[in-house]
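Asks: From these two lone chains plus the hints, build me the complex, please.
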Amino acid sequence: MSLAASIRAALSPQFTLDVRCSIAPGITMVFGASGSGKTTMLKCLAGLHRPDAGTIAIDEQVIFDAGRGIDIPVRRRGLGYVFQHLALFPHMTVERNLHFGLASLDPAARRARTASIADSFRIAHLLSRKPSEISGGERQRTALARSLVTDPRFLLLDEPLSALDHATQSRIIEDLRAWNAARGIPILYVTHSHREVFALGEHVLVLERGRILAEGSPQEVLDAPAHESVARMAGFENILDATVMVANTDGGTMTCRLAESSAELEAPLTRAQPGTRVRIAIRAGDILLSIGEPRGLSARNVLDGTIAAIQRKGATVIVMVRAASTFEVHITPRALEALRLAAGMHVWIVIKTHSCRIVSAAPEL
Amino acid sequence: MDWPAIGLSLRLATIVSLILLVIGLPIAWWLAFSRWRWKFLVEAIVALPLVLPPTVLGFYVLMAVGERSPIGRAWVRWTGHGLAFTFEGLVLASILYSLPFAVQPIASAFAQIDRGLIDAAATLGSPPWRTFVRVVIPLSIEGIVTGGVLSFAHTIGEFGVVLMVGGNLPGITRTVSIAIYDQVQGFHYAEANTTALVLLVFSASVLALVYAIVRKPWALASLP
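Protein sequence lines, in the order shown, are assigned to chains A and B.
Numbers in this note's numbering are just positions in the first sequence, counted from 1, shifted up by 32.
Numbers in this note's numbering are just positions in the second sequence, counted from 1, shifted up by 1.
Okay, chain B solo, but in the shape it has when bound (with noise of 0.2 Å):
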């Protein structure tokens, strides 16, 4: 069993959901409701991830933060070393790969509350910031939920864009899907079912936990 590679696998895809969460939101809000003609190419180049092979983008990131392009150098003048092949260049790479997965069911949630709400929020005298966080927050807290679950989960799984960007590096870019995938070529065939399992269990509880929160069975007053 590869606990190292599970532990970080769950460390990067917390940290990676949680930053989409906080720039996920305000990209859903602009792409729910912004009126510019040309939101749709940004709308597709959002989505891009969705139908890139991760090995294209893994490729591009590498590229972008290789030393000879300006993002790589200005990272090595702030930390001191390069993004290829760390812990930081997977997170990067990871939020690109994931964004659509937040950002589509947040924006969709956005899309479908009532304008009049926020309307009249703002006849009732609240600031914008304020009738956010009353009233579209809590309104589209289902949307935001599997936002979350869907960029935490499709993290977990990545494959082929922590394979470029990362590589295999034990404790640093090693992740559970790679050590599996290690584990088979070695023929530790047994190994890599228990971690595989420990994956499938990990990942089915998470799941059911989310969508119980979302739609609380336990409440049953609630239900129309």
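With the rest of the complex left out, here is chain A (with noise of 0.2 Å):
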């Protein structure tokens, strides 16, 4: 099965959700920033939002067309749909929940689906337990559980894991995945996760103020992203404005001056021209830190500068290294211990040339 929806939906004068896409049997994640968009296109894909324009289609079966005047409620769509906060039925137990959308069948039908799919996502043991009585985690089963016992024909889940610890989300997602093999349909996942994308997702749409921006594989958008709106959402903390000055085309390499100042970093190459500016991108965890001046290196890029801050968030240490322009290194407790560092301290930043990513600002869109 395959959806595919061409909607545009004016939110406020300023917002407009505007997409096409066409979504595969298997998990696409929808990637994008808070208020980019993400929750009102599965709104209205699931018929909970009607869109101004447009048309949705699931297979050859068209569920909205705004133009002859289709739009099917959401009732009859055939969807299963995870909401951010589960919005299981708190006056239910698990069982109950579980049996809500099997009004259809009779008793013994019901039981059985119900035990197939508490089985598939483990949450057996739960059946006769309030929502208030289980986990965290078992409550996102039970709420996935609860979407996808009815057969549904597309799968929307709106950041449905993002409350777990890793190991829990991606337990979860393997077990999707071993239900969804025999039946492939296409399942939306929203996030606003750049780890939860790379850990979970086949495919990625990147949302931005309600138009797609870019769309590939994981590695593809996010690893290498073509706008700089899209490396800060994939975790490229140091944005740096520069300007190209000399393309070794034999190297494969070019030489960019950073803006207000004199030092250069080398870049891959790209088709900028000399003189032209750019944005290189680079991420904090790909920096190195020394304390005396390394020689011998591969590494191309050597900059010196001192110490502005240290602050610690759980298991990283965020350097924040005046030099030239101010950069984000972000190495381990341990490494911050062993090599003593202290604010005002003389260091060295060590970056690869291929660590260093050529963006363009954002598009206008």
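Hint data in this document are derived by calculation from the structure and do not stem from the laboratory.
Fair warning: this is a prediction, and the values are worked out from it, not measured in the lab.
Errors might be hidden in some of the hints.
Claimed, not checked - Computed beta-carbon distance windows for the label pairs:
(1) B/Gln113 - A/Arg161: 19 to 27 Å
(2) B/Gln113 - A/Arg128: 20 to 28 Å
(3) A/Ala141 - B/Pro128: 18 to 26 Å
(4) B/Arg69 - A/Pro122: 51 to 59 Å
(5) A/Arg161 - B/Ser70: 56 to 64 Å
(6) A/Arg161 - B/Ile46: 25 to 33 Å
Here a beta-carbon is modelled for each residue, glycine too, at the ideal position from N, C-alpha and C.
Replies: In structure tokens:
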């Protein structure tokens, strides 16, 4: 099965959702910052929000067509939807929650279906409990099972796992993949976490200000972002203004001078001509920090500077280094101890050529 | 002790609160979920009996059901007698008078329901009426019970509207509050005292029972 949509919905004078996409079987991530229109897109596909124009079709069946006045109501679209806050019925047991979508079946068939889905999602031992009496992960499993027990033709997931730890997330996703292996329905998974995109998705759509900005495999889209805004969302903490100075066509690199300084960085060759202004995106985790001047390295970019600030955030230490521009560098707590770093220290930062991504500013939308 | 008056009051209050539940549910639903920009006008009209003196309301009901008004004439054509100074007239007036006591608790219970639950029910193939019965009513049962109890108690206690619309006809429109007023007027303080006490004990017991049903003090396990 596959889902094809081309919809436009004006939510306010400032914001219009305008997307055109074709969703193949399997998990497609919809990635974007909050307010980018991700949830609105799901609501339009589900029929909970009526688009102003466009069409939506599942395989050959048109479920929405503004021009022809077709608008199949939510309850007849044959979809599964897991809401951001799950929306489990608090007054019903897990079993009754699972039964809710099976009203048309006789009791024996209903019990059989419920038992089978509860098995697939490992909640069979919780059937008699209320949602308030089970853990967060169990609630997510229940919500997922409830939306799948009706055998939907497509599944919409609105940040369903964002509250869970990574291990629990991937176990639930493995169960979802196993369930979908035999069925092959399109699954749209909305998230704002680039980590989830890499961990869970086969395909990703990047949404910004209501438009699809990029599309492809997580590696294509997020490791080599074409746009500055995608780079920001994809976890590139350092985005620097620079001007292309020399293109070394033979070596496959180009030299760029950072704005407002004389420091130069070597970046992979792009089509940008000498003299053009570009932006260079670098992940904070891709930068090395050294307390002595490094020698004999293959990395081409070595800058010296001083530590402006050190901040601990969970298992990551964020070091801000003032060197030509201000660089954010991520190191481990053990590295911090071993090097005895402190604010004001003179340090060197080392960046490989291929850790520098040339991105363009956000396109005019 | 004026047993017919007590019986009449109970009958009136039961009929009125049942009718109010039936018409109050859709009105409360509309008030809780409508996005109509002039909704506040309807809210104001529903709340009007809270602030209006019962005599004013009673006066307009009397005018509206009188034989010179279209409603009164239609009723006479249909039933053969007028509405003023009858039990049916009393029911009509009491419904209007107690409307906000039924509608407001129900509407505020509806408004607290997570819209996501209603959307979720729709994605699970549930038609609106089924969502209403299986999700909305169970989750707002406290508000519905409160609305029913308040309109019952309010009808038992009403005085001014009854006097205006129903008068004081024993067995037809003479409710318990009118009976007490009558007994006091005739200096029968002992009788007034017993009637009043019966009403007091009855009202307190009903309220306690209803709140107990809602709060379930015996079901300790379900307390948070």
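Asks: Tell me, which hint numbers fail for this structure?
Replies: 6
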